[in-house]
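We have chain A already, so just place chain B on it with the hints.
Note that the protein sequences, when read in sequence, are chains A and B. Number 268 marks the last residue of the first sequence (the numbering used here); no jumps. Number 1252 marks the last residue of the second sequence (the numbering used here); no jumps.
Hints in this document: simulated from the structure, not taken from any laboratory. None of the values given here were measured: they were computed from a predicted structure.
Pairs of lysine-lysine, DSS-like flavour, derived with a Cα cap of 25 Å:
| id | chain 1 | residue 1 | chain 2 | residue 2 |
| --- | --- | --- | --- | --- |
| 1 | B | Lys-1047 | B | Lys-1011 |
| 2 | B | Lys-1122 | A | Lys-175 |
| 3 | B | Lys-1239 | B | Lys-1047 |
| 4 | A | Lys-175 | B | Lys-1087 |
| 5 | B | Lys-1047 | B | Lys-1019 |
| 6 | B | Lys-1192 | B | Lys-1239 |
Which bits of chain B does chain A cover? Going by a derived footprint, with three or more residues having C-beta under 8 Å, they are:
| id | segment |
| --- | --- |
| 7 | 1070-1084 |
| 8 | 1087-1097 |
| 9 | 1110-1116 |
Ideal Cβ placement from N, Cα and C applies to all residues, glycine included.
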Amino acid sequence: MPQAGSPSGIAGWSAGGLRRGLSYVLPFAVVGGLWQIASLFFPPFLFPSLVDVFKRCVDILLTWSQFSDVLATVGRILAGLAGAFLVGAALAVIMARSRAVNDFLSPILTLFQGIPALSWVVFAIIWFHGIEPRIFFIMVMTTLPAFTFQVLGALQGMSRDLMEMVMSFRPTRAKLFRTMIIPAILPDILTAWKVNLGNASRVVVVAELVGATGGVGYELLQQQQVFDMAGALAWTLQLVFFVLIAQAVLTFVESVAFRYRAVSERSL
Amino acid sequence: MSAAAPIISLKQVSKSFNKSGTAPAYIAVDRLDLQVGQGQLLALLGKTGCGKSTIFNMIAGLSEPSSGTVTVDGRNPFREFDAFRGKMAIVFQSDRLLPWRTAVQNVELGLEMLDMPATPRKEAAMHWLARLGLRGHENDYPHALSGGMRQRVSIARAFATDANILLCDEPFSALDEMTGRTLRAEFVRLVKENGKTAVFVTHSINEALEIGDRIVVLKRPATIAIDLPLTAATLPAEKQAIRNQIQDILAA
Chain A
1 MPQAGSPSGI AGWSAGGLRR GLSYVLPFAV VGGLWQIASL FFPPFLFPSL
51 VDVFKRCVDI LLTWSQFSDV LATVGRILAG LAGAFLVGAA LAVIMARSRA
101 VNDFLSPILT LFQGIPALSW VVFAIIWFHG IEPRIFFIMV MTTLPAFTFQ
151 VLGALQGMSR DLMEMVMSFR PTRAKLFRTM IIPAILPDIL TAWKVNLGNA
201 SRVVVVAELV GATGGVGYEL LQQQQVFDMA GALAWTLQLV FFVLIAQAVL
251 TFVESVAFRY RAVSERSL
Chain B
1001 MSAAAPIISL KQVSKSFNKS GTAPAYIAVD RLDLQVGQGQ LLALLGKTGC
1051 GKSTIFNMIA GLSEPSSGTV TVDGRNPFRE FDAFRGKMAI VFQSDRLLPW
1101 RTAVQNVELG LEMLDMPATP RKEAAMHWLA RLGLRGHEND YPHALSGGMR
1151 QRVSIARAFA TDANILLCDE PFSALDEMTG RTLRAEFVRL VKENGKTAVF
1201 VTHSINEALE IGDRIVVLKR PATIAIDLPL TAATLPAEKQ AIRNQIQDIL
1251 AA
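With the rest of the complex left out, here is chain A (with noise of 0.2 Å):
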């Protein structure tokens, strides 16, 4: 294994990082290749010229009017992940301390999930006047059983050992909670917002394509009236890059909570 710091280190390093790189970069340049090849033989409205696609994803960014169609997706889908989150948490404490709570709503919520987005896009229509009610509702229904179900999941895994050692020092409630609960299960909610953040930017397009008169959804199906491949695919990526950017950012948080893992343990 290369050290660090020595010149051969360094190099040895460099090599590895480029591989990484390399190996990550590779398969979207392949496949950006093939699509810029088959621009030069098909109409734009079928596959425009990636040139094309980056220049409408700059024009998207520098635009305020446009540019707030994505601040504006964007904040649905955090807003609706974090009411889904902050009930889901709430009905999972209540299921974990109560069996009889969680004999009730485990089938309710089951239930919930066999619910098709579109179904609750059309429910929430019926339901709801404003916009913003209804895709925050539809956000919550579409994310909240899988939340609600992840963090449960997370409370039922904690340590009878730990929980009991815990539980020796007597601590008031809001302690055990600080000092044990939340530390335990904060792995299994950073994965759940981690899964639940990509069902949550699919889902809120489809919500906006139906219900809404701004936003990412609501584009494209401007893009999709007058047949723009370029703009469908342009406002595409803007989620597509809000995504990546958010799931670096819990990758982030992941390494820095998280960093009492053994090495054997995050390597695995």
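This is chain B only, laid out in the frame that chain A set:
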């Protein structure tokens, strides 16, 4: 058995566990009478499954007797659970360190429950880690410590709260002989120096003889088979006789 007023008292204590269906209840502890005096180091000895841990949990207030009374310092440790905050500390069989906390943060845990301000809390934790030979490892996470070091941290965690009563559930049984012997000696020294009362559960006769100034041997279901006082003046030959006596009881 003790001259001092008992700080831990079990009177006619029984504990049974219900089995599923119509099977009769399993009796783990049967009408046990046991008193532990202030400052005494009691070794509770018995074979696996004889009810040692059940007694331990009842004294710790983690479970309630089916009948009889358990009092610690005149109070019921199960019903008045919060009243024992900072008055009773437990060293478990495994170290049970919180993996997300460093060694010093683990030692601080009990002090956090007592609302001690951060600075004196950390100083106290550092002091106990140093006393247990862990200077320089304060900021290590449990995964970076050996089994012996981890158990030292758990002992430091128990002593740091300055609880008057220490309950130990076979804390050295998972360690190698040398480490276990060293830690046992340190443990006895700390208990005596700090005037603690300790109940030490073990299944090892040698450990009981090394640690206890009183040995209570249990037979199944947990009733006292023999109650033996030991002193520093107990001669090796006398200890050997006690060892043989205990072996005969356990074999029977």
